[in-house]
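> Going by this note's numbering, the letters in the sequence shown line up with residues 14 to 506, in that order.
Derived from the structure by calculation, the hints contain no laboratory data. All of these numbers come straight from a predicted model, not from anything done at the bench. Glycine is no exception: its CB is placed at the ideal position from the N, C-alpha and C atoms. There's no promise every hint is true.
As the list claims (entries may be wrong) - When the alpha-carbon atoms are kept at most 20 Å apart in a straight line, the in silico EDC-like pairs for lysine to aspartate or glutamate are as follows: (1) Lys122 <-> Glu462; (2) Lys208 <-> Asp150; (3) Lys208 <-> Asp68; (4) Lys208 <-> Glu345.
Unchecked claim - Simulated DEER-style distance windows between Cβ atoms: (5) Val402 <-> Pro76: 51 to 59 Å; (6) Ala390 <-> Arg498: 19 to 27 Å; (7) Trp280 <-> Asp150: 15 to 23 Å; (8) Ser124 <-> Leu391: 40 to 48 Å; (9) Pro332 <-> Val487: 37 to 45 Å; (10) Pro278 <-> Asn400: 50 to 58 Å; (11) Gly352 <-> Thr125: 25 to 33 Å; (12) Val237 <-> Leu391: 33 to 41 Å.
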Amino acid sequence: MGPAQGKGRLTGRGRGWKPAGGPSWRPLTGGDPERKILRRLRFRPSPTLVPGFLDRSRTIAPPGYNRWRVPPAALAIHQSIGQSDSISVFNHPLATLIGGDMPAQGDWKLSTIGWIFSVAIVFLGLSAFTFGRWLEDAGPRKAMFASALCFSTGFLVSALGVATHQIWLLYLGYGVIGGIGLGLGYISPVSTLIKWFPDRPGMATGLAIMGFGGGAMIGSPLAVALMNHYRTPASPGVAQAMVAMGLLYLAFMMFGVLTVRLPAPGWTPPARAAGARVTHAARDMHVNDAVKTPTFWFLWGVLCLNVTAGIGVLGQASPMIQEMFPARIGPEAAAGFVGLLSLANMAGRFVWSSFSDVLGRPRTYMIYFALGAVLYALVPSTGRAGNVVFFVAFYAVIMSMYGGGFATIPAYLRDRFGVMHVGAIHGRLLTAWSLAGVAGPALVNYIREYQIGRGVPRADAYSFTMYLMAALLVVGFSCNWAASRRPFEGKAA
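With the hints as extra help, turn the sequences into a complete structure.
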């Protein structure tokens, strides 16, 4: 190679060599050093130029991809993080770590342990609020991966806290780190399914969030079985069970990470669902603009009040039915009542949200609030009459609408603000869940204690609470009515 050629440059993707001194070309031969360099570059591309497996671009589905392959990925995430609803199964073993069957000096109080769930719900809302915009940009695979790491790490840190008897590690592990995993894992599958099912958004969100409601039905017996397996005379097996659950949920959630896909830009469903009544904003609104609208805050009130009225009662269901029917309901029957409410909660998430595709979101929420308020107001009379059948039936319907409220709200947001930023907007709205997760249990528990302290019989201690819940649902009805009267928002993103 001559001096002039040595100062030249490669051009045309390696097809020739352009000398520095002129426009002439010389083809490269197989033995040229330049060819060897190009061969190395061809087989060793820069990692900065190739998207990683977790990048959004790697999740775009190819043409002809069957959208029904996506819901299992969403369910894998939601059924895992839905275990949070069954965290109370650890309460009694955690409260008797030292004393064994009975609490002893140095054991944690149940009231102290109970706040772990509230902390997790608070950080669910905070993480959804903080990272909602990021996960829309990063894509579902990266968000689900982060969720899986945080959720499983929360179990491992909590197990360390149990082993060392440091309660703050349980607050940090399951409450903070696990709560962040809950927030990331909750909204990303929902946002993805809404994009795949624009013709049936209610059904899509119900399908994913149904998994969250059913997570407790798997998580509770799993935790009990693991604790029984690892139980010894010196340990209730809580720490070992938490380690095992952390690893099991990590593996299960990775299935969702590996299989999730996004529709390609411009993709449309093969056919609109027959008879579906779907309304939506003309254009997608940016999350920063959406939170400035009255519609957003009316819907924030809708979610907050619906959750507040349900979550506290759900957590107190077992002692409540035993105290209202002490002669007829024992611990075993109360456990069956809790299981029935969980089943109604799970089924309502799919049935009611699917129904909203036909009836419309505003009318569906009107049913939630109006019927729920009437049933809450009737519950005390069923207790006084000793009618267990109506008591159980009323609460089953109430819990189905409680679950339906969770599942219908993402589609409601999609209707009002468009689909592009619905995940980020949903994340901001979930701060309502954070507040309700603290307010609901506090109202039920503290009002009950206050009533008993005044000498009210335990069977009647819940009456005022039920009337209060009915009043909250009336306010929620007003928020929904106000949101439905607002015009569809439509501002370019």
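> Now look at each hint and say whether the structure bears it out.
Comparing the hints with the structure gives:
1. Lys122 <-> Glu462: Since the Cα atoms of Lys122 and Glu462 sit roughly 17 Å apart, the hinted pair holds (cutoff 20 Å).
2. Lys208 <-> Asp150: With a Cα-Cα distance of about 14 Å, the restraint between Lys208 and Asp150 holds, given a limit of 20 Å.
3. Lys208 <-> Asp68: holds (18 Å)
4. Lys208 <-> Glu345: violated (43 Å)
5. Val402 <-> Pro76: 51 to 59 Å: With Cβ atoms ~55 Å apart, the hint holds.
6. Ala390 <-> Arg498: 19 to 27 Å: holds (26 Å)
7. Trp280 <-> Asp150: 15 to 23 Å: holds (19 Å)
8. Ser124 <-> Leu391: 40 to 48 Å: violated (31 Å)
9. Pro332 <-> Val487: 37 to 45 Å: violated (27 Å)
10. Pro278 <-> Asn400: 50 to 58 Å: holds (57 Å)
11. Gly352 <-> Thr125: 25 to 33 Å: holds (27 Å)
12. Val237 <-> Leu391: 33 to 41 Å: 34 Å Cβ-Cβ, so the 33 to 41 Å window holds.
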